[in-house]
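Based on the sequences and whatever the hints tell you, model everything.
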Amino acid sequence: MKLDARIPAGPLDGKWDVFTRQMRLVSPANRRRHEVIVVGAGLAGAAAAASLAELGYRVTCLCFQDSPRRAHSIAAQGGINAAKNYQNDGDSAHRLFHDTIKGGDFRSREANVYRLAQLSGRIIDQCVAQGVPFAREYGGALANRSFGGAQLSRTFYARGQTGQQLLLGAYQALERQVGLGHCRMLARHEMLELVVHDGAARGIIARDLQTGEVTRHAAHAVVLATGGYANVFYLSTNAKNCNATAIWRAYQRGAAFANPCFTQIHPTCIPVTGEHQAKLTLMSESLRNDGRVWVPARAGDPRAPASIPDGERDYFLERRYPAFGNLVPRDVASRAAKAVCDAGAGVGPGGYGVYLDFADAIRRLGLPAIRERYGNLFDMYQRITEQDPAAGPMRIYPAVHYTMGGLWVDYALMSTVPGLFVAGEANFSDHGANRLGASALMQGLADGYFIIPPAVGDYLASAAPPAVDVQHPVFAAAEDAARARLGRLLSVRGRRPVDAFHRELGRLMWDACGMSRSAEGLRQALARLPALRDEFWRDACVTGGAGEVNQALERAGRVADFLELAELMCRDALARDESCGSHFREEHQTSDGEARRDDTRFAHVAVWQQGGGGAPPRRHVEPLVFEAVTPGQRSYK
Amino acid sequence: MKLILHVWRQRSPSEAGAFQRHEVDDLSPELSFLEMLDLLNERLTSQGGEPIAFDSDCREGICGACGFMIDGVAHGPRPGTTVCQLHLRSFRDGDELWLEPWRAQAFPLVRDLMVDRGALDRIIAAGGYITAPTGSAPEANGTPVAKRDAEAAMDAAACIGCGACVAACPNASASLFTAAKVVHLGWLPQGQAERRSRVLGMVDRAQHEGFGGCTNVGECQAVCPKGIRMESIARLNRDYLRAALTSGR
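As they're listed, the protein sequences go chains A and B. Following my numbering, the numbering of the first sequence begins with 26 at its first residue and continues without gaps. Following my numbering, the numbering of the second sequence begins with 762 at its first residue and continues without gaps.
In short, the hints are calculated from the structure, not lab data. Among the clues, some could well be false.
Far from chain A by the CB rule (all over 12 Å, computed), these chain B residues [claimed, not checked]:
#, residue
1, GLU803
2, GLY825
3, ALA933
4, THR976
5, ARG990
As a list, the in silico EDC-like pairs of lysine to aspartate or glutamate whose alpha-carbon atoms are at most 20 Å apart [stated by the list, open to error]:
#, chain 1, residue 1, chain 2, residue 2
6, A, LYS127, A, ASP624
7, A, LYS662, A, GLU343
8, A, LYS27, A, GLU647
9, A, LYS40, A, GLU652
10, B, LYS908, A, ASP150
11, A, LYS40, A, ASP624
12, A, LYS662, A, ASP150
13, B, LYS763, B, ASP786
14, B, LYS763, A, GLU135
15, A, LYS109, B, GLU776
16, A, LYS40, A, GLU135
17, B, LYS908, A, GLU397
18, B, LYS763, B, GLU791
19, B, LYS908, A, GLU162
20, A, LYS40, A, ASP435
We put the CB at the ideal spot given by N, CA and C, even for glycine.
The following block contains the structure:
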């Protein structure tokens, strides 16, 4: 497989200029002749669909939710980074680039990350123009706060609902295009197949989740903006219905998958309470601006947190990482929390929890100031746990939150299938082995507003073959494949609920491919997964029919894909015989428990190609070349 | 603990619906209401029954996908709480509850507790935005926004579009939903250029979709999980009146 990232020549800070200067253009009058499908309506999808429609392309946007306003971007709480340097604390595109590439433990492409940092400021301009009600200072200027992995304040926010407000901005821009008739919005539609003909993406097959109808959609280009795959783990902070089906179908049709094992475990989530818990809830990283993380110095100390004096507490992040303190990156904070809990110092039922304490900040700033910053997060915590974080510390524990891996894309966000573009969390492009807080919103919107529109235009003007009609046999074959799969799921008629399989898969993946991984554990998981998949196809219980609303069928299809993707994640984790960022191989750590990278053997992107005909997938590499930064051991001490 | 549920079951809009009784026992009070329904669905499925269809996604009270009536109250008994954030500890062991979908002419039933709220998207498409094509934005700090105004805009922008206000209103009015967007954008300097066309377009669209008018009943405010206040409807009416009087209609 030929992997050409098509990175423009020249100095790092001029590459995006070179790209936009050299790209081919579609004239305004010709744009309406081009059909583009956007799958997913989160930040990346809604922004791309709205921007492409504004340019004059004919756009069809699909989402599985009942409205594009519900995509999971909406749940992002804390903020969005941008190198505006409004705080006069020395920020610049280069510094944001440097923090992001270091935060990703030097496993991402310099050119992509630099472009992201360069575009970050325009995102804020765009969102403010749309009416996103960002937090303000008294003088009317935009306010900022700090996030993990940075020593300055560059995070813009709208209380604890930043994702919601950014998404509503993109959604409103999208609905405007829908109202004008420039974009066709198909809510409650799920993509089931990618249609590839003569080596290029020509459309998709989708299922109308309301009628069960399976429909064909032809286009000159397809953009997947379908989010991440953290729900492989069953319990994660993702929404219940987040799934990998679109990217997994694309992988089956030839799109390569990059770094599938890079999954982010977020340090501050509400701990698991019971077997039938449906999902985990995140408590924003922004809380670490003012909250201090600790456990009792004496393991098993039975006293209530308030009666443990300061001298008998272990503020383990401040102790281990004095320079960054509570604002170390997520992978570092998560592992540190796991380490103290594994050593028996954890708090709460089961001992898997640590305190996040606001008492000092409330004493220093007063409760009203703290409530203004985090009021809705405090309320959310209280609603779930019946405990008031203003009266005593929160109890938190790491949980799966985000996936840095995803479909491989070149500099123009095009996958290895020409005409198939991938944006937002669904691609692998910018976060390396660990994503910094407040960078997901930035990437989703940079991709959607500013990169996808020119990149798709360039493809349409130069390389795109003529569209294929939906009556073409290639569409019929893809539709038959989708229908056959639905029929197979419905004909199992087993006894075990689909969720039971999903829970078992989640436990297996958390143990073998979660916060720490070992060759032995991964080999065991790889031995178990095919058997679990066989059991699923023999004994899964899927009721109802295909021609109606059938949530059991939707869920079963998604779990079937997770069962396959899980295997690729474990293969990737096993092959990457080093520790880096979120990928912590127990065999590779320093004497004080930090990740030990191996730049000689693994300074590359691992790119997996589907084997075909039951053959195992093939692993390719895209070497990572560092010119502007020197990979060193990340130090937050 | 144990609950007795009477759940509205309706296969499709064209078929008749009815309440179906389920006794759900062996429940932990720590379960959320929707986790309880997940559990009931697992039990129904393993006995060969059809699971109850209901919308939900984020389960954190922010996406707005979930929502149905519990004993006639949208999102159930706990103020400021979506049904996904409601826990069984808000109920007593042995409680008997009636679950029904949002009922409004503009929200056609899909199945069981699911309805089609596409009309709310169409109200937004009729003016609930600021026209700012990608690439046309000026420098973000070029226009100061008073902190008080930004906070007031944010209060209104917190609407999650769940439709509880419509379901609770005896007129099935979408006034609170429409007002939340009109007020959010109306507080911001960026929203002034389209202030009049926005309110006219959105209110007209709401009427066209079959939502009723507001008669100041206040049920919407009582059930809104995000605390959107009825005062915003007063602002909506003021904006609408001013726009209608000055637009030559």
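So, going through the hints one by one against the coordinates:
With a cut of 12 Å on Cβ distances, GLU803/B falls inside the contact zone with chain A, its closest approach being about 5 Å. Not every Cβ of chain A is farther than 12 Å from the Cβ of GLY825/B; the closest lies at roughly 6 Å, contradicting the non-interface assignment. With a cut of 12 Å on Cβ distances, ALA933/B stays outside the contact zone with chain A, its closest approach being about 18 Å. Every CB of chain A is more than 12 Å from the CB of THR976/B (nearest about 27 Å), matching its label as outside the interface.
No beta-carbon of chain A is positioned within 12 Å of the beta-carbon of ARG990/B; the least distance is around 16 Å. With a C-alpha separation of about 14 Å, the suggested pairing of LYS127/A with ASP624/A holds against the 20 Å cut-off. Distance hint between LYS662/A and GLU343/A is fulfilled; the C-alpha atoms sit about 9 Å from each other, no more than 20 Å. Restraint check for LYS27/A and GLU647/A: the C-alpha separation of about 10 Å stays at or below 20 Å, so the hint holds.
Annotation: proposed proximity of LYS40/A to GLU652/A holds, straight-line Cα distance about 13 Å (limit 20 Å). At roughly 18 Å between alpha-carbon atoms, LYS908/B and ASP150/A fall within 20 Å of each other, so this suggested pair holds. Annotation: proposed proximity of LYS40/A to ASP624/A is violated, straight-line Cα distance about 25 Å (limit 20 Å). For the hint linking LYS662/A to ASP150/A, the alpha-carbon distance of about 35 Å lies beyond 20 Å, and the restraint is violated.
Pair hint LYS763/B plus ASP786/B holds up; C-alpha atoms about 4 Å apart against a cutoff of 20 Å. Between LYS763/B and GLU135/A the CA atoms are separated by roughly 57 Å; this puts the pair beyond 20 Å, and the hint is violated. Proposed proximity of LYS109/A and GLU776/B is contradicted: the alpha carbons are some 57 Å apart, above 20 Å. Distance restraint check for LYS40/A and GLU135/A: the Cα-Cα separation of roughly 11 Å lies within the 20 Å cut-off, and the hinted pair is therefore satisfied.
Note on LYS908/B and GLU397/A: the hinted pairing holds, with a Cα-Cα distance of about 12 Å set against a maximum of 20 Å. For the proposed pair LYS763/B and GLU791/B, the alpha carbon gap of about 13 Å is at most 20 Å, so the pair holds. With a C-alpha separation of about 6 Å, the suggested pair LYS908/B and GLU162/A falls inside the 20 Å cut-off, and the hint holds. Distance hint between LYS40/A and ASP435/A is fulfilled; the C-alpha atoms sit about 13 Å from each other, no more than 20 Å.
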